[in-house]
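Chain by chain, the residues run as shown.
There are 2 protein chains.
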Amino acid sequence: MTLYLIGTGLHDRDDLSLKGLAAAKRCKRVYIENYTSRSFSSKEEFEGLIGKEVILADRDLVEQKAEETILAEAKEHNVAFLVFGDPSSATTHSDLMLRARKSGIQTRVIHNASVMSAIADTGLSLYKFGKTASVPFPQGSFRPESFYDTIQQNQSIRAHTLLLLDLEPKKGKYMTVAQAIGILLGIEAKRKEGVITPATLLVGCARLGSDGQTIQSGTPSELKEADLGEAPHCLIVCSDLHFMEEEGLKTASGEERKK
Amino acid sequence: MTLYLIGTGLHDRDDLSLKGLAAAKRCKRVYIENYTSRSFSSKEEFEGLIGKEVILADRDLVEQKAEETILAEAKEHNVAFLVFGDPSSATTHSDLMLRARKSGIQTRVIHNASVMSAIADTGLSLYKFGKTASVPFPQGSFRPESFYDTIQQNQSIRAHTLLLLDLEPKKGKYMTVAQAIGILLGIEAKRKEGVITPATLLVGCARLGSDGQTIQSGTPSELKEADLGEAPHCLIVCSDLHFMEEEGLKTASGEERKK
Chain A
33 MTLYLIGTGL HDRDDLSLKG LAAAKRCKRV YIENYTSRSF SSKEEFEGLI GKEVILADRD
93 LVEQKAEETI LAEAKEHNVA FLVFGDPSSA TTHSDLMLRA RKSGIQTRVI HNASVMSAIA
153 DTGLSLYKFG KTASVPFPQG SFRPESFYDT IQQNQSIRAH TLLLLDLEPK KGKYMTVAQA
213 IGILLGIEAK RKEGVITPAT LLVGCARLGS DGQTIQSGTP SELKEADLGE APHCLIVCSD
273 LHFMEEEGLK TASGEERKK
Chain B
33 MTLYLIGTGL HDRDDLSLKG LAAAKRCKRV YIENYTSRSF SSKEEFEGLI GKEVILADRD
93 LVEQKAEETI LAEAKEHNVA FLVFGDPSSA TTHSDLMLRA RKSGIQTRVI HNASVMSAIA
153 DTGLSLYKFG KTASVPFPQG SFRPESFYDT IQQNQSIRAH TLLLLDLEPK KGKYMTVAQA
213 IGILLGIEAK RKEGVITPAT LLVGCARLGS DGQTIQSGTP SELKEADLGE APHCLIVCSD
273 LHFMEEEGLK TASGEERKK
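Top to bottom, those sequences are chains A and B. Using our numbering, read the first sequence as starting at 33 and increasing by one per residue. Using our numbering, read the second sequence as starting at 33 and increasing by one per residue.
Keep in mind the hints are simulated off the structure, nothing from the lab. Be aware that one or more of the hints could be misleading.
Within a straight-line C-alpha distance of at most 27 Å, the following computed BS3-like cross-link-like pairs (lysine-lysine) qualify [as the list claims (entries may be wrong)]:
hint, chain 1, residue 1, chain 2, residue 2
1, B, 84, B, 60
2, B, 134, B, 60
3, B, 75, B, 203
4, B, 84, A, 107
5, B, 97, B, 205
6, B, 202, B, 84
7, A, 222, A, 256
8, A, 97, A, 60
9, B, 57, A, 57
10, A, 97, A, 84
11, A, 60, A, 84
12, A, 282, B, 97
13, A, 134, B, 282
14, A, 97, B, 84
15, B, 97, B, 134
16, A, 202, A, 222
17, A, 84, A, 222
18, A, 282, B, 222
19, A, 282, B, 134
20, B, 84, B, 57
21, B, 57, B, 97
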């Protein structure tokens, strides 16, 4: 049978595509992950839309127990696995798909909007983004800096950097733009390689793709104090701007769209 | 009133989101662009789904005559403008949005899947893609090479490059992976900077996001002869692969998914 990885898009259940909804309705079992981002629709709202029970899948279920659950079931009947944004953006889901294929289960990805293209709402050109990096919560002595290196690499070819910010939805913990800037400034203070300077242009985004999205640009000191509201947030470290990007950013920035 | 830019996603009308469809139904006028990619649903099929007339908008209408048509109408009532993939990926649409905002028209983007995240179906990590470039059809003495420079820049930071291939849907002209490789090899033969070598790993994709998508990887000489079938095509120039990417690419490559 088929395992459908269905993107739910950026905000709520109405971002599902007609194709994604139809596929979920055809499946005997429907899972929804709850750990790579957040949806503004509840499990019950998805159940109402799809017309059947929806099972919450946390990281542990997907990464440790998929063999006994999702994959075992997908050998018997069609199974849907709903994923925030686009299903192929996160390693955890690519890995599930790979394991399914190795077990001889047919897989089908139903794509949807991803933060990786929604960042164009900032007015910055998608073509000019370099590698993407994640900023994890520091935990004790675990203080990774690889995203600092990625920004530096991108700067060497005049590319912007999208930073995806860590989250632990189970604990209601979502990294904010302000926190991420604090972490970046901490690494800069230590390494002093000029990757983040007082003049570096940053763009903070919150709830991209929703009616109430917030986009705000400024220097580290300006944005460090900014309150962009509810999660999820992401942060862009800009390289040189084309004048079209400058104009686009000005129009998008600071504008909170009305519902 | 509001100008809605609504992404139609990657393949056909059923890739529309529930939100996108509902917005289009609320609008008095509905346009669909026909020049940045192609949809596998006809205008009539979109009309059937939305329940009203849909007007084809070519590049000339959007870039030269939007003031008298789309923008003038959006001052009086809600207007929908359907765009292939994600509406914010192409400069022509960002520009329309900017002009609308300057005329005091409220805009609303309804995101959808884009080739820029669907390329993760290849098994390559989205995080490791650098800047994106377009490969235009050479026209007489107009033989741009900037995409060659972009590949070179990305290689300097070990990033993959997504190349979007030119198309002229009105003439039914779509650049194939084979043609793009021919153009790249021509530039390499002239500039000899080692950006494309006989060992460079390329990935050709066709109809990404559809049930019948084709993904094929190989060296330039292997892929130059490949027939990936119907457009649209895109081409990826790989940098070093992580072993997870190698495995993913092997699984995805050469596999034509069954309907």
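Verification of the hints:
1. B:84 / B:60: Since the Cα atoms of residue 84 of chain B and residue 60 of chain B sit roughly 9 Å apart, the hinted pair holds (cutoff 27 Å).
2. B:134 / B:60: holds, 22 Å
3. B:75 / B:203: Given that 27 Å is the threshold and the Cα spacing comes to 17 Å, the pair holds.
4. B:84 / A:107: violated, 42 Å
5. B:97 / B:205: Status holds; Cα separation ~24 Å.
6. B:202 / B:84: Holds, at roughly 24 Å.
7. A:222 / A:256: holds, 18 Å
8. A:97 / A:60: Given pair residue 97 of chain A, residue 60 of chain A holds - Cα atoms ~19 Å apart, limit 27 Å.
9. B:57 / A:57: The given pair, whose Cα atoms are some 23 Å apart, holds under the 27 Å limit.
10. A:97 / A:84: holds, 22 Å
11. A:60 / A:84: Holds, at about 9 Å.
12. A:282 / B:97: holds, 25 Å
13. A:134 / B:282: holds, 12 Å
14. A:97 / B:84: violated, 48 Å
15. B:97 / B:134: holds, 16 Å
16. A:202 / A:222: violated, 32 Å
17. A:84 / A:222: Not OK: residue 84 of chain A and residue 222 of chain A at ~53 Å, beyond 27 Å, violated.
18. A:282 / B:222: With Cα atoms ~41 Å apart, residue 282 of chain A and residue 222 of chain B exceed 27 Å; violated.
19. A:282 / B:134: holds, 12 Å
20. B:84 / B:57: Holds: residue 84 of chain B and residue 57 of chain B sit about 8 Å apart, inside 27 Å.
21. B:57 / B:97: holds, 24 Å
Violated hints, listed in ascending order, are 4, 14, 16, 17 and 18; each of the other numbered hints is respected by the structure.
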